[in-house]
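Undergrad: Could you put the whole structure together from the sequences, leaning on the hints where they help?
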Amino acid sequence: MLIRICLFVCVAAAIVFAGCSKSENGNTNTATTNANKPAASTAPATTAPATAAAEKIGVPECDDFIEAYDACVSSKVPEAVRAQYKASIEQWRTSWKKLAENPNTKASLAAACKQSAEQARASMKTYNCTF
Numbered sequence: 001m002l003i004r005i006c007l008f009v010c011v012a013a014a015i016v017f018a019g020c021s022k023s024e025n026g027n028t029n030t031a032t033t034n035a036n037k038p039a040a041s042t043a044p045a046t047t048a049p050a051t052a053a054a055e056k057i058g059v060p061e062c063d064d065f066i067e068a069y070d071a072c073v074s075s076k077v078p079e080a081v082r083a084q085y086k087a088s089i090e091q092w093r094t095s096w097k098k099l100a101e102n103p104n105t106k107a108s109l110a111a112a113c114k115q116s117a118e119q120a121r122a123s124m125k126t127y128n129c130t131f
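Numbering (our numbering), first residue to last: 1 to 131.
For the record, the hints were derived by calculation from the structure and aren't laboratory data.
Here a beta-carbon is modelled for each residue, glycine too, at the ideal position from N, C-alpha and C.
Below, simulated BS3-like cross-link-like pairs (lysine-lysine); rule was C-alpha separation at most 25 Å, straight line: (1) Lys97 <-> Lys114; (2) Lys114 <-> Lys86; (3) Lys56 <-> Lys114; (4) Lys98 <-> Lys114.
Derived DEER-like restraints, expressed as beta-carbon distance ranges: (5) Ala80 <-> Asn104: 34 to 42 Å; (6) Pro103 <-> Glu55: 13 to 21 Å; (7) Asn102 <-> Ala80: 34 to 42 Å; (8) Gln91 <-> Lys125: 15 to 23 Å; (9) Phe131 <-> Glu79: 17 to 25 Å; (10) Glu118 <-> Ala87: 17 to 25 Å; (11) Glu55 <-> Ser123: 17 to 25 Å; (12) Ala111 <-> Ala80: 28 to 36 Å.
TA: If you want it as structure tokens, here you go:
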């Protein structure tokens, strides 16, 4: 029971982080300015998959979601707020990896990742992300 509560709290915290960071995207000039710098946006994109591959959760639904979300954040989210989204990714990865290591919680983790993906899909439409 305690593990399910922890899982719920982790998912709720991730939703709150994603929702809080949405309100800070009022400066659209940053997105335009960063779009003109292909070298800067290419370097993190090639580094991120290597990091993600090294830290797989072990649950396909979670791994696929984090990979797609990270690609969206790396390529479409303005640099001014990108760090907040990256922090959410790392928080998900850390908490989900711990939950995946426990056989009692691993079974329910796939459903939690699917739910997080659906919520993130709706909130990331602001940045024209499709995953």
